[in-house]
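Generate coordinates for the entire structure from the input sequences, incorporating the hints supplied.
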Amino acid sequence: MRITIFGTTGAGKTTLLKNLKKLLNESYVYVAETSLECPYYEQAYNDNSPNLQDLNYKLDLWMLADRMRSFKDYANNDYVIYDRSVLDSMVFAQTDHSYGRLNDVDYEVFKDYFMTCVLPNLFDKDFHNKNFDIAIYLRVSPKKAIERVVKRGRVPEFSTNKEFWYNLASSYDLWYEAYKEIVPFWVIDANNDDPIQCAKQIAEKINQFDKQKIIRVLIVTLCLLLLNSIICPALSPPANLTTASAFWLK
1 MRITIFGTTG
11 AGKTTLLKNL
21 KKLLNESYVY
31 VAETSLECPY
41 YEQAYNDNSP
51 NLQDLNYKLD
61 LWMLADRMRS
71 FKDYANNDYV
81 IYDRSVLDSM
91 VFAQTDHSYG
101 RLNDVDYEVF
111 KDYFMTCVLP
121 NLFDKDFHNK
131 NFDIAIYLRV
141 SPKKAIERVV
151 KRGRVPEFST
161 NKEFWYNLAS
171 SYDLWYEAYK
181 EIVPFWVIDA
191 NNDDPIQCAK
201 QIAEKINQFD
211 KQKIIRVLIV
221 TLCLLLLNSI
231 ICPALSPPAN
241 LTTASAFWLK
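Heads up: the sequence shown begins at 1 in UniProt numbering, then just goes up one per residue.
Quick caveat, the hints were computed from the structure, so don't treat them as lab data.
For glycine and all other residues, C-beta sits at the position ideal for the given N, C-alpha and C.
Be a bit skeptical, because a hint or two may be false.
To be verified - Here are the computed lysine to aspartate or glutamate pairs in the EDC-like style, where the Cα-Cα straight-line distance is at most 20 angstroms:
| no. | residue 1 | residue 2 |
| --- | --- | --- |
| 1 | K111 | D173 |
| 2 | K143 | D194 |
| 3 | K18 | E204 |
| 4 | K211 | E26 |
| 5 | K211 | D78 |
| 6 | K111 | D66 |
| 7 | K213 | D78 |
| 8 | K22 | D193 |
| 9 | K162 | E42 |
| 10 | K180 | D133 |
| 11 | K200 | D189 |
| 12 | K200 | D133 |
| 13 | K205 | D133 |
To be verified - Pairwise CB distance ranges, derived in the manner of DEER restraints:
| no. | residue 1 | residue 2 | range |
| --- | --- | --- | --- |
| 14 | G100 | T34 | 21 to 27 angstroms |
| 15 | T34 | L174 | 21 to 27 angstroms |
| 16 | K213 | K22 | 17 to 23 angstroms |
| 17 | V150 | N103 | 27 to 33 angstroms |
| 18 | G153 | F209 | 32 to 38 angstroms |
| 19 | K21 | L227 | 37 to 43 angstroms |
| 20 | P50 | P195 | 34 to 40 angstroms |
| 21 | R154 | D189 | 23 to 29 angstroms |
Pasting the structure below:
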């Protein structure tokens with residue numbers, strides 16, 4: 001199952017990822033967010049930095065490129081969970097723009113690039129989703145998100161005006177509404193302060209989904225094999241046919 005975790009800062013994405021590692025099977029690959037590695041991160045989150053708009057434009061571009069790289073690196077992996085993905089990039093760009101961290105020109109350039117060059121890579125020619133089985137939206141109130149941001153005490157986040165975090169949470173709701181017709185979302189109430197229980201509920205749903213997916217694949221495979229045996233009865237079953245498939249072909 002290909003999963004991305006979608007949600008504002010302080011929603012509990014990183015905590016959820018850590019807990020899912022303990023609860024899901026070993027087939028899953030976990031792709032952590034790398035924002036702290038960005039060379040512009042600390043300055044861009046300091047409201048007193050000179051050239052704040054230039055810094056945030058570079059930050060947003062760096063994050064978009066990094067997320068796209070991670071997306072491509074695991075594009076052929078059937079069991080992967082991303083802590084944020086390219087879906088989150090426009091959320092931050094819009095918030096930076098509304099907060100005054102991006103000027104109008106840079107925002108429009110970023111948005112145009114995202115909509116014409118990035119987003120189409122996630123969908124087929126008919127705009128059907130082809131790369132995420134599920135996007136888990138950890139929906140949390142701005143107040144709760146800010147409480148968690150303050151509690152974990154990252155200096156760049158802590159020094160950012162609370163208005164930015166309120167705007168970011170609102171932007172996530174707006175982009176969820178924009179995406180939900182083309183991206184399969186699970187919306188999770190992330191205001192609960194019991195992350196273990198939350199992770200267990202999500203892991204149970206993921207396991208159920210994985211089982212259903214395997215069953216669907218098996219049914220399709222069996223149907224194709226049966227069709228092949230009817231059309232070409234002289235052909236013997238493939239050498240690697242599983243015992244279960246062979247049984248149903250008898």
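Against the structure, the hints come out as follows:
| no. | hint | result |
| --- | --- | --- |
| 1 | K111 <-> D173 | 18 angstroms, holds |
| 2 | K143 <-> D194 | 17 angstroms, holds |
| 3 | K18 <-> E204 | 16 angstroms, holds |
| 4 | K211 <-> E26 | 15 angstroms, holds |
| 5 | K211 <-> D78 | 13 angstroms, holds |
| 6 | K111 <-> D66 | 17 angstroms, holds |
| 7 | K213 <-> D78 | 11 angstroms, holds |
| 8 | K22 <-> D193 | 18 angstroms, holds |
| 9 | K162 <-> E42 | 16 angstroms, holds |
| 10 | K180 <-> D133 | 13 angstroms, holds |
| 11 | K200 <-> D189 | 14 angstroms, holds |
| 12 | K200 <-> D133 | 19 angstroms, holds |
| 13 | K205 <-> D133 | 12 angstroms, holds |
| 14 | G100 <-> T34: 21 to 27 angstroms | 26 angstroms, holds |
| 15 | T34 <-> L174: 21 to 27 angstroms | 25 angstroms, holds |
| 16 | K213 <-> K22: 17 to 23 angstroms | 22 angstroms, holds |
| 17 | V150 <-> N103: 27 to 33 angstroms | 29 angstroms, holds |
| 18 | G153 <-> F209: 32 to 38 angstroms | 36 angstroms, holds |
| 19 | K21 <-> L227: 37 to 43 angstroms | 41 angstroms, holds |
| 20 | P50 <-> P195: 34 to 40 angstroms | 38 angstroms, holds |
| 21 | R154 <-> D189: 23 to 29 angstroms | 24 angstroms, holds |
This entry satisfies every hint, going by the numbered hints stated previously.
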